[in-house]
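Novice: Residue numbers (this note's numbering), protein chains in the order written: chain G, 1 to 354; chain V, 1 to 281.
Treat the hints as calculated values from the structure; they're not laboratory data. Note that CB positions come from ideal geometry on N, CA and C, so glycine has one too. There may be inaccurate statements among the hints.
To spell it out: a stretch of chain V is covered by chain G in this simulated footprint if at least three of its residues, at any positions, have a beta carbon under 8 Å from a beta carbon of chain G; those stretches are [as the list claims (entries may be wrong)]:
#1 97-108
#2 165-176
Here are the simulated BS3-like pairs of lysine-lysine, each with C-alpha atoms no more than 25 Å apart in a straight line [unchecked claim]:
#3 G:Lys-36 to V:Lys-112
#4 G:Lys-25 to V:Lys-109
#5 V:Lys-142 to G:Lys-25
#6 G:Lys-96 to V:Lys-13
#7 G:Lys-26 to V:Lys-109
#8 G:Lys-33 to G:Lys-51
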Amino acid sequence: MAERITTNDQYVLEVNNLSKWYVQKKVVKKDGKVSKKQDIKAVDGVSFTLKKGEILGVIGESGCGKSTLGRVLIYLEDPTGGQIKLFGESATAMVKRDPLKFRRTCQMIFQNPFDTFDPRYTLRKILMNPLKLHNIGADEDERLKIVLGVLERSGLRPAEEYIDRHPHELSGGQLQRISILRSMLLEPAFMVADEPVSMLDVSIRADIINMLQELVQEHHTSMVFISHDIATTRYISDKVAVMYLGRVVEMGDTDEVLHNPQHPYTKVLISNCASLNPLEKKEVIKVSGEPPTPIDNGPGCYFAPRCYRACDKCFKEYPGPVDLGNGHWASCYFANEKDEIADKTIAKDIADAK
Amino acid sequence: MKKKIEAVKRAYKNNQQLKVGTVLLIFLLLCALLASVLAPYSPYVLTEDIRVGPGVNGHLLGTDALGHDILSQLLFGARTSLRIGIVAALIAGTIGTLIGGIAGFFGGKVDKFIVEFINVFVMTPSFFLILIVVAMFGSSMKYVMIVIGLTSWPGNARLMRAQAISLRNRTFVKSCQAMGESRLSIMFRHIIPNGIFPIIANTTMRVSGAILMESGLSFLGLGDPNVISWGQMISNGKAYLTNAPWISIVPGLAVVLTVLTFFLIGDGLNRVIAPKMNANK
């Protein structure tokens, strides 16, 4: 991992107990009371901090709230509770006071590059509009120069020929590159990348990831990188957060978390990671079922019903974070204890990876 | 752009309805535009021939009880009918698009309120509403156009609302939001242009509805008495249905033809541009 400027100790982003609950209208009986609404806790009490240039990878199954977290972080949806602070200033206040400035500070890259741009617009309009909106570039000519530069950099050469094309005339990789470069035009301090390569052809994923990494390093942008691909996440991120049902269950430095996982869920994820060797007979930790919808999961650990080492205690109370040193923590009663099932299956993987 | 035009051309060629509709529309427009050239008589002049049948004394379609040449009246009536139909449908289209777009895109309480508002308009018997307005404000052509437009937008509003709801969850709308575009700008620059195709088709069909409505009003004697319209001609002829049926039948057929034209075009457009314009452009 290349060195980044982290001398500035001020946090770019501080997220404290962030949550996003959706309300579903449904008659439910609970404790003898009939309620007409129930909360779906898509994101529930997520906290983390990001320094300048740091990249946090967020991994987890489909439906665990990763994308919702991303959208809430850049206020595409309003959080239900908790705080987001940008450079020590409340983001909620900033969005209200000066939405353009907030948008310039926080950017997002979307999962589906084919739908990121208005299908009726040409690349010229798509790229010029944000520049105009944020008053970048002195006049039309200068903006055009910037736009042509972007197209050149995204591999569309000659740029003059591509500038009047529509998005559907380009490939997914080209579109995603443009999407990334467009976001970087605003020089954001913080960026959310919501599975930026999951819709792309495998052969160009590495390209896109490398480009993203280069740009982020160049501008010292902090990033939340959302993905369900552990390998990609490991490649790009400094820290990793593992999410399950809206909660972060384990977080720490990438190498720490992936080489020395302590939460059973992290272990299951890693053990089920595909191997390059097709002949290798791998033993994986199996868990049954799918993650339930995040409604009324309490009071115990959310993962307990599927966990291979759950005990009575796990069903009674949600385990608090256990500090494992170096900023690595896991929400599990068994963190830091010997785990024979996992040791047998993933020890080899981890050794390989090292 | 070239590709788009070619695709539309191809779709147009394969669509019989649209072809027939366009030919008829061009014919109607020519009739209306060239009325003063084509008409053998002034529509207001009273000729010597009273209630003569088609073909007699050079009156191709005959004359009415006062001696007006029916062909001439028909040609000038086309102007009224087309103008009222198109203007009223445009008013309805614009209002419907705006209201539906706001409801669908902003959602929440705004949406709930507007939906109820639309429902109120759907429930109101619009013909009677028009009758009341005409009775109160008089029956000039301007009022008739505006009133028809103001009462026939709910269909468009519903269509646009559905479009806006499906569009607002698309990634490109979210991405515009993330870029910092204001909600109004997103609505006018992205939601409405991308969702307007079904409205265009529907508005074309609404033209025929407006023409029918105007004919109905004129038939009841509530049209503008100063301009010739087809409904008025039918109304004039109703007393002579047994001995001079052509006085009513000819303008009646003209209404049928015009309504058919706009339906053919509207339906054809619907097939050509919506719902998958993006897929084949």
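Novice: With reference to the structure, classify each hint as holding or not holding.
Specialist: The hints, checked one at a time:
1. 97-108: violated (count 0)
2. 165-176: With 6 residues in contact (Cβ-Cβ under 8 Å with chain G), the coverage given for the region 165-176 of chain V holds.
3. G:Lys-36 to V:Lys-112: holds, 19 Å
4. G:Lys-25 to V:Lys-109: holds, 16 Å
5. V:Lys-142 to G:Lys-25: violated, 48 Å
6. G:Lys-96 to V:Lys-13: Given pair Lys-96 of chain G, Lys-13 of chain V is violated - Cα atoms ~53 Å apart, limit 25 Å.
7. G:Lys-26 to V:Lys-109: Distance of about 19 Å is within 25 Å: holds.
8. G:Lys-33 to G:Lys-51: violated, 46 Å
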